[in-house]
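Between the sequences and the hints, there should be enough to build the whole structure, so can you do that?
Protein chains in written order, with the working numbering: chain F, 36 to 288; chain P, 244 to 503.
There may be inaccurate statements among the hints.
Have a look at the derived ranges for each label pair, beta carbon to beta carbon [unchecked claim]:
#, chain 1, residue 1, chain 2, residue 2, range
1, F, Ser178, P, Pro354, 29 to 37 angstroms
2, P, Ala444, F, Ser178, 48 to 56 angstroms
3, P, Pro354, F, Gln174, 35 to 43 angstroms
4, F, Ser176, P, Asn250, 50 to 58 angstroms
5, P, Gly478, F, Ser176, 38 to 46 angstroms
6, P, Leu254, F, Asn125, 33 to 41 angstroms
7, F, Arg169, P, Arg489, 39 to 47 angstroms
Everything labelled a hint here was simulated from the structure, so no lab data went into it.
Ideal Cβ placement from N, Cα and C applies to all residues, glycine included.
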Amino acid sequence: MEIREKENRQVKVKVSHLTKKFGDLLVLNDISFDVEKGDLLCVVGPTGCGKTTFLNSLTKIYDVTSGEILLDGHPADPKKDHIAYIFQGNSTMPWLTVEQNVAFGLDIRHVPKREKQELTDRYLEIVGLTKYRRYYPKQLSASMLQRVSIARAFATEPELLLMDEPYGQLDIELRFKLEDELVRLWEMTGTTVIFITHNIEEAVYLGEHIMVLTNKPTTVKETMRNPLPRPRDIAAPEFVRLRERVTDLIRWW
Amino acid sequence: MNKKQKNITELICAVVSILTFLILWHIGVKGELGRLMPGPLPVIRMFFATLFGGTIGSRTMIIHILYSLIRVMAGYFLGAAVGVVLGLSMGWSRLVEAVFSPLFRIIRPIPPIAWIPISIIWIGLGEDAKIFLIFLASFCYVTLNAWSGAKNVDPDYLRAARMLGAGKRQLLFTIVLPASIPSIFAGLQVALSSCWATVLAAEMVRSSEGLGWIIIAGMNNNDMVQIMTGILAIGLVGMLLSMIFRKVEARLCQWNKSGS
Ligand SMILES: Nc1ncnc2c1ncn2[C@@H]1O[C@H](COP(=O)(O)OP(=O)(O)OP(=O)(O)O)[C@@H](O)[C@H]1O
Ligand SMILES: [Mg+2]
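Now the structure itself:
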């Protein structure tokens, strides 16, 4: 824990005076914050406030109107930086089988065959799709497709993992399982995670930090540290207290 | 079990409908019409008699079929290869599109057979000219479909691949090409029937073998049985081609079929 604290001082993502407009619609309004290296940041905010827009700006899918987002001190470049982005919707390739989809990012990066097979097998198992490895996306349900995207992102073992409401479609049991899996992966690899969610309990369960956003035009309402030790117990009084605090913040929307 | 039952039902229906058609044809030519039109039996007899053994002109039926098929295949695959490359490039690169699309838009609406007279004047409509006509027939449809396939690739796929670190070349080969396959296949299918029609037209105008020639030679000899035999062969080979095509497509576009 001590050592981790020291390492964490490094800033992974630096957002300064980020403003994003779509035409006349002001979405992100002069936002500034840092994400430390190795942090697990959960972002909660009202629907349509610009959470997806933020991730898209970070990854250069959108151009920002003004301000900047720096990754390790320079603008992000998905080709060089090891980013994985789990989109809000389905983004599996319909012409690839489940297994080939999970291996896609590894293929792109020319990971050696044996290592690729190991990683693919491992993450297929983790998301519970080993049995369906030869299926095509058309043959799967929405939650299974989402698991394919999750496995595909995890398998690349990224330095920065962006997750846009990834577990919204899953049933509770699977959600718990994949939440724990995310924490395990995060603890094991020291990767930096930005996790967007609507689910306050999920944010408190996962986050090292929790960032609450306001309605449009969006600013950061509050960022709080989550000191609860892991593994967290969602029934513990401290947990419930923190959850209520975040809920209160959100009530003021 | 269920699937097997369905197949058997389909087979019975096919046999019944073809038999009914042949019987109606047989009865229909009994009267006055019989002077203009042979019945099915002489046609079928001639088809099988000439298939490997007897000849039409100086060749057996199978040789005529092979002549037509080889012409079609040469032009078809050539046109398909050029069409896929050009179409994908046009869909992928704005520059290539800007250069080629005006020209292509003009050439595309011209049916291949419109080139036949020019081909005769220029090069006498020999083998290379026939293949060129078939090439045109195939090339246009395949280019058009590859082009629209590449242009309409879902941006989500490109985005996802880019996020996983794909460069331009990788995007082209791992996303644009596979995502365009269904559209390319739709083009290949239309191209195949268009090529088949074109070869017959070209053979009717000038040739000394092939299925188109059988029909024209039959007309010149006033041999209705030979004409009908040629038509039967055209139908059978065309059917065979599209059956083979669908098998190949089913294999390559497996992912695109909903349910099984
Ligand atoms: N490409 C775009 N063009 C125009 N407007 C856009 C575009 N993308 C997003 N917007 C607008 O920007 C605002 C923020 O959208 P965004 O998708 O970022 O919200 P969100 O916080 O992710 O919402 P949700 O919780 O529903 O996913 C919305 O009002 C949306 O209409
Ligand atoms: Mg969103």
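Status of the given 50 to 58 angstroms range, CB of Asn250(P) versus CB of Ser176(F): For Ser176(F) and Asn250(P) the Cβ distance comes to about 30 angstroms; the hint is violated.
Outcome of range test on Cβ distance (Pro354(P), Gln174(F); 35 to 43 angstroms): 41 angstroms, holds
Distance restraint hint 48 to 56 angstroms, applied to the beta-carbon atoms of Ala444(P) and Ser178(F): Since the Cβ atoms of Ala444(P) and Ser178(F) sit about 55 angstroms apart, the hinted range of 48 to 56 angstroms holds.
Ser178(F) versus Pro354(P) beta-carbon gap, inside 29 to 37 angstroms or not: 51 angstroms, violated
Cβ separation of Gly478(P) and Ser176(F), checked against the hinted range 38 to 46 angstroms: Because 45 angstroms falls inside the window, the suggested range holds.
Pairwise beta carbon distance, Arg169(F) to Arg489(P), judged against the given window 39 to 47 angstroms: For Arg489(P) against Arg169(F), whose Cβ atoms are near 23 angstroms apart, the range 39 to 47 angstroms is violated.
C-beta pair Leu254(P), Asn125(F): status relative to the range 33 to 41 angstroms that was hinted: Distance hint for Leu254(P), Asn125(F) holds at roughly 40 angstroms.
Comparing the model with each numbered hint stated earlier shows that hints 1, 4, 7 do not hold.
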